[in-house]
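Working from the sequences, and respecting the hints, build out all of it.
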Amino acid sequence: MGIETIESKDIDAEAVLGSAVERREDPALITGEAEYTDDIQRPNMTHMAVVRSQYGHATIEGIDTSAAEELDGVLAVYTGEDVDVPGMIPTGWQLPSLKNPDRPMLATDRVRHVGEAVAVVVAEDRYTAKDGVDLVDVDYDRQDATVDQSDALDDDAPRVHEEFDDNVAFDFELGDEDATNDAFENAAHTAEVDLENQRVIPNAMEPRAALAEYKPSSGDLELDLTTQNPHLHRLLLPGVIDVPEHKIHVRAPEVGGGFGSKSPLYPDEALASWCSMQVERPVKWTATRSETYQTDAQARAHQTTGEIAMDEDGTITAVRVNTIANIGAYLSIFAAAIPTVLYAPLLSGQYEIPSIYCNVVGSFTNTVPVDLYRGAGRPEALFVVERLIDLGAREVGMDPAEFRRHNFIGSDDFPYETPVAVTYDSGDYEPALDKALDLLDYDDLRERQEELRDEGRYLGVGFSSYIEACGLAPSKIAGSLGAQAGLWENGLVRMHPGGKVTAFCGTSGHGQGHKTTYAQIVADELGVPYDDVEIVESDTDEVPEGRGTYGSRSAAVGGSALSTSAGKVVEKARKIAAHQLEADEADIDFSGGEFSVSGAPDRSMTIQEVTQQAYLAQDLPEGMEPGLEETAFYDPENFVFPFGTHAAVVEVDPESGEIEFENYVAVDDVGPQINPKIVEGQIHGGVAQGVGQALYEVAEYDDNGSLVTGSMQDYTVPKAEHVPHMETDHTETPSPHNPLGVKGVGEAGTIAAPQAVVNAVVDALEPFGVDHIDMPLTNESVWQAVNDSAVADGGTTDEASRDDDADAGGAN
Amino acid sequence: MAEHDIELSVNGTAHELSVDSRTLLVHALRDELGYTGTNVGCESSTCGACTIHLDGEAVKSCTLLAVQADGREVTTVEGLAEDGTYAPIQEGFQKEHGLQCGFCTPGMMLAANDLLARNPDPSEEEIREAIEGNLCRCTGYQNIVNAVEYAADHMDQEVAADGGSDRVEGE
Ligand code: FES
Ligand code: FES
Chain A
1 MGIETIESKD
11 IDAEAVLGSA
21 VERREDPALI
31 TGEAEYTDDI
41 QRPNMTHMAV
51 VRSQYGHATI
61 EGIDTSAAEE
71 LDGVLAVYTG
81 EDVDVPGMIP
91 TGWQLPSLKN
101 PDRPMLATDR
111 VRHVGEAVAV
121 VVAEDRYTAK
131 DGVDLVDVDY
141 DRQDATVDQS
151 DALDDDAPRV
161 HEEFDDNVAF
171 DFELGDEDAT
181 NDAFENAAHT
191 AEVDLENQRV
201 IPNAMEPRAA
211 LAEYKPSSGD
221 LELDLTTQNP
231 HLHRLLLPGV
241 IDVPEHKIHV
251 RAPEVGGGFG
261 SKSPLYPDEA
271 LASWCSMQVE
281 RPVKWTATRS
291 ETYQTDAQAR
301 AHQTTGEIAM
311 DEDGTITAVR
321 VNTIANIGAY
331 LSIFAAAIPT
341 VLYAPLLSGQ
351 YEIPSIYCNV
361 VGSFTNTVPV
371 DLYRGAGRPE
381 ALFVVERLID
391 LGAREVGMDP
401 AEFRRHNFIG
411 SDDFPYETPV
421 AVTYDSGDYE
431 PALDKALDLL
441 DYDDLRERQE
451 ELRDEGRYLG
461 VGFSSYIEAC
471 GLAPSKIAGS
481 LGAQAGLWEN
491 GLVRMHPGGK
501 VTAFCGTSGH
511 GQGHKTTYAQ
521 IVADELGVPY
531 DDVEIVESDT
541 DEVPEGRGTY
551 GSRSAAVGGS
561 ALSTSAGKVV
571 EKARKIAAHQ
581 LEADEADIDF
591 SGGEFSVSGA
601 PDRSMTIQEV
611 TQQAYLAQDL
621 PEGMEPGLEE
631 TAFYDPENFV
641 FPFGTHAAVV
651 EVDPESGEIE
661 FENYVAVDDV
671 GPQINPKIVE
681 GQIHGGVAQG
691 VGQALYEVAE
701 YDDNGSLVTG
711 SMQDYTVPKA
721 EHVPHMETDH
731 TETPSPHNPL
741 GVKGVGEAGT
751 IAAPQAVVNA
761 VVDALEPFGV
771 DHIDMPLTNE
781 SVWQAVNDSA
791 VADGGTTDEA
801 SRDDDADAGG
811 AN
Chain B
1 MAEHDIELSV
11 NGTAHELSVD
21 SRTLLVHALR
31 DELGYTGTNV
41 GCESSTCGAC
51 TIHLDGEAVK
61 SCTLLAVQAD
71 GREVTTVEGL
81 AEDGTYAPIQ
91 EGFQKEHGLQ
101 CGFCTPGMML
111 AANDLLARNP
121 DPSEEEIREA
131 IEGNLCRCTG
141 YQNIVNAVEY
151 AADHMDQEVA
161 ADGGSDRVEG
171 E
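So the sequence lines, in the order shown, correspond to chains A and B.
Mapping to the working numbering: the first sequence position 435 is 435, numbers consecutive.
Mapping to the working numbering: the second sequence position 61 is 61, numbers consecutive.
If a hint is listed, it holds; no wrong ones were tucked in.
Just some of the chain B residues that point at chain A, by a computed CB distance under 8 angstroms: (1) Arg22; (2) Gln90; (3) Pro106; (4) Glu129; (5) Glu132; (6) Arg137; (7) Tyr141.
The calculated lysine to any residue pairs, modelled on SDA-like cross-linking and capped at a C-alpha distance of 20 angstroms, are: (8) A:Lys435 with A:Leu445; (9) A:Lys719 with B:Gly133; (10) A:Lys500 with A:Glu630; (11) A:Lys130 with B:Leu65; (12) A:Lys130 with B:Ser44; (13) A:Lys130 with B:Asp31; (14) A:Lys575 with A:Arg603; (15) A:Lys9 with B:Gly84; (16) A:Lys515 with A:Ile6; (17) A:Lys500 with A:Gly527; (18) A:Lys719 with B:Glu132; (19) A:Lys719 with B:Glu129; (20) A:Lys719 with A:Glu658; (21) A:Lys9 with B:Thr85; (22) A:Lys719 with B:Glu124; (23) A:Lys719 with A:Thr709; (24) A:Lys9 with B:Tyr86; (25) A:Lys719 with B:Asn146; (26) A:Lys719 with B:Pro122; (27) A:Lys719 with B:Ser123; (28) A:Lys719 with B:Ser44; (29) A:Lys247 with A:Asp539; (30) A:Lys9 with B:Glu91; (31) A:Lys719 with B:Glu125; (32) A:Lys568 with A:Phe633; (33) A:Lys130 with B:Ala2; (34) A:Lys476 with A:Glu545; (35) A:Lys130 with B:Glu32; (36) A:Lys130 with B:Thr63; (37) A:Lys515 with A:Pro672; (38) A:Lys130 with B:Glu43; (39) A:Lys130 with B:Leu64; (40) A:Lys719 with B:Glu43.
Hint data in this document are derived by calculation from the structure and do not stem from the laboratory.
Even for Gly, the Cβ is constructed at its ideal location relative to N, Cα and C.
What follows is the structure, given as structure tokens:
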């Protein structure tokens with residue numbers, strides 16, 4: 001299946017919203033003209049390189065910078081002692097009982113994770129800066145580290161922050177514990193799983209970079225950044241480096257992917273800015289790939305026990321979840337929100353579950369801090385839910401698809417209030433499941449599975465009927481949950497006197513194609529040609545306010561801000577048209593970019609003509625200001641809840657543990673699609689990352705806190721051959737919560753895919769009694785699971801007696 | 001550090017420059033000559049973002065020294081379009097939505113062109129294999145495969161699809 005793109009000149013004005021128009025971002029990107037942060041040079045530019053801890057935990061006994069300082073071409077070397085500003089990186093989310101340790105821009109007396117910044121070198125070129133780093137001599141006294149989040153909670157675990165009694169960052173609970181316990185006591189069936197949602201590394205292809213230029217004459221700080229939210233940096237930096245907000249200009253040029261990891265403010269961006277203030281020259285810093293491994297926020301890292309209770313006929317009565325979440329050494333910006341308020345409220349999935357209880361303990365460890373990564377909290381939740389659903393189905397002896405259908409929230413039950421503090425906006429879950437079953441040719445597939453099993457081949461199908469909460473906003477809700485900033489979005493639509501349009505939005509795309517989809521929204525609202533609309537993002541001087549792009553908030557919140565401001569433009573224009581056409585405002589119709597008098601269609605003005613009048617300003621309604629531009633701060637009333645069913649079909653070789661994809665289908669409901677081609681691309685990319693987590697990716701530390709998977713050679717970023725061919729389809733259930741009805745698509749694939757794959761592999765290995773394998777499902781872990789189950793079963797299943805060829809099977 | 005005077009022909013334009021012994025080709029191209037279309041993702045020959053053509057063959061410019069390219073022909077993404085007309089591979093990426101953030105795209109297109117010069121009608125499997133040294137974190141690769149297929153279909157026997165090198169099948 002493929003969606004054909006169309007050229008912008010071929011879009012029908014009526015159908016601009018919903019057309020697969022080609023991306024206007026592409027010409028610059030495919031010719032090399034596009035400008036990423038590291039492409040930018042400034043006159044007199046210098047380079048910064050960072051001295052980083054190679055230890056997970058150590059005290060700093062002394063730092064000798066003299067050799068580096070003497071090196072030709074080195075301008076300055078700074079350590080924490082030199083920092084004369086607050087220099088502490090803030091977190092953006094509070095929880096009751098949260099411990100919030102200081103996170104210095106440069107460590108002074110102790111380092112708490114590998115890669116923590118200890119000193120910086122500023123030099124004339126990037127090679128010399130790195131030479132300087134090699135010459136800085138840090139005297140460390142290595143301390144015992146704590147790496148595993150459960151071990152970190154032991155009484156005698158080394159403490160990450162000496163000022164606290166233990167390594168507990170927070171203890172969070174949600175749901176009705178008593179009711180849930182009762183439901184488990186009275187259940188006819190229960191199932192349980194211990195699972196790990198392993199730590200992964202986002203690995204955006206472009207490493208993080210910053211180019212800071214402080215101008216002493218004016219006190220202005222110009223900052224080009226690889227970021228997903230320039231305004232957030234402008235908001236937070238003043239407290240770190242002591243430059244007032246209105247003097248900071250942050251711009252994100254092209255950004256080569258982010259997936260959440262370019263949301264936080266890190267020490268590095270603050271350091272580049274501060275260094276520029278010290279040397280009074282532009283300072284560029286670009287991470288090497290090894291630095292991105294040691295400094296980009298990592299993600300997931302949950303250990304969980306999940307339980308599901310059901311009555312006689314397979315109706316779910318309760319879910320109970322206990323999770324220990326690894327926070328890393330410090331609280332990164334969203335760290336407190338992800339395993340709590342972005343996780344526990346999703347534990348109802350697509351199902352009607354009367355009682356749910358969840359407890360999450362966050363623990364500090366000597367590892368790289370954890371923060372947003374595509375899905376953030378929601379993949380972890382849906383992994384638990386959808387593993388439990390499969391285990392529940394198996395327990396009651398129902399087909400997993402039917403078990404899902406049996407327990408789905410009914411299409412008439414929306415808005416639906418879950419027992420875990422959220423109200424789903426809209427949903428209709430069965431059609432998506434049905435489409436997935438059709439694409440799979442499900443009945444036939446199950447028959448084939450039986451036949452193949454008789455031949456000693458193991459096919460498995462795994463479902464994932466996911467839900468996600470998108471459109472990270474409602475300032476009031478977010479605030480009540482701990483957000484330290486309002487999460488509205490800002491849109492500004494400016495009609496130019498000549499009739500063309502520039503629209504500004506406070507989100508900040510980094511590969512999603514906002515300039516295309518936003519132009520579709522604005523062109524539709526104003527009834528002007530698509531090519532007449534220009535979109536501006538990612539620049540705090542051009543766009544007055546904003547909150548950035550993460551949590552699939554851009555279409556639902558940013559798009560709605562634009563559509564609201566465009567709507568305000570139309571309303572002002574309507575008044576002008578009424579005045580000029582000498583009609584009552586209530587009698588003015590607006591359609592296709594034209595204002596006309598009801599019942600007298602020949603008395604009309606185009607919006608371009610009205611715009612001209614607005615700027616001519618010689619004949620405007622009494623008291624009206626000239627010009628035609630409007631701003632909206634859009635703050636929705638609730639999240640939006642996209643959903644869908646994904647399914648993977650795999651064949652597993654129990655002898656070698658090898659997994660091969662036969663099929664992957666994705667049916668998503670993200671509300672109305674602004675641009676179906678872009679939606680499809682987002683699904684593909686998300687699924688690839690979800691499959692990556694299921695089969696390949698894991699960040700591993702040794703007991704000392706050294707990152708074992710610290711390079712692309714040790715950490716598998718999926719290649720073209722690792723990712724299955726995907727078939728996509730959709731259903732469309734608009735959200736009643738925003739003017740566009742859109743829901744959000746950026747994270748869907750990543751939220752859906754891991755459990756589809758794991759469920760498929762476990763389904764394939766059902767004859768061996770395998771009921772769970774932790775990700776990533778390496779050949780070895782799959783083989784081991786088969787082998788362990790065979791042993792646990794006493795080798796009763798013929799195919800399962802593999803002791804004889806254990807050695808052969810182990811080699812992979 | 002010893003300085004070397006070298007000559008590079010980039011996209012048909014001759015450049016003379018002087019580099020350190022240790023200067024990587026990718027940094028010479030980007031920082032010295034301003035061909036910033038070539039990207040650096042890993043500096044370790046793993047991600048493929050820095051893929052260029054050297055004398056018509058795809059290579060990773062992050063693990064080659066600039067001096068190793070002395071006197072040779074380099075093609076970068078800036079050299080793909082001719083007279084403002086996109087090469088088939090560029091058209092393919094645009095039409096098939098083969099890119100999102102675009103960071104891997106220049107390297108991906110140059111790797112694909114190398115394949116197409118050797119095998120003008122590759123299967124999906126051959127394409128996936130050929131771009132195995134090029135990582136993309138955004139697209140899930142499916143539309144990249146489609147983009148390469150599109151280019152194969154629109155090459156019109158253009159042997160010089162690798163952007164002007166004189167590499168000929170079978171040579
Ligand atoms: S930068 Fe050269 S292969 Fe990654
Ligand atoms: S398009 Fe972003 S890495 Fe490929």
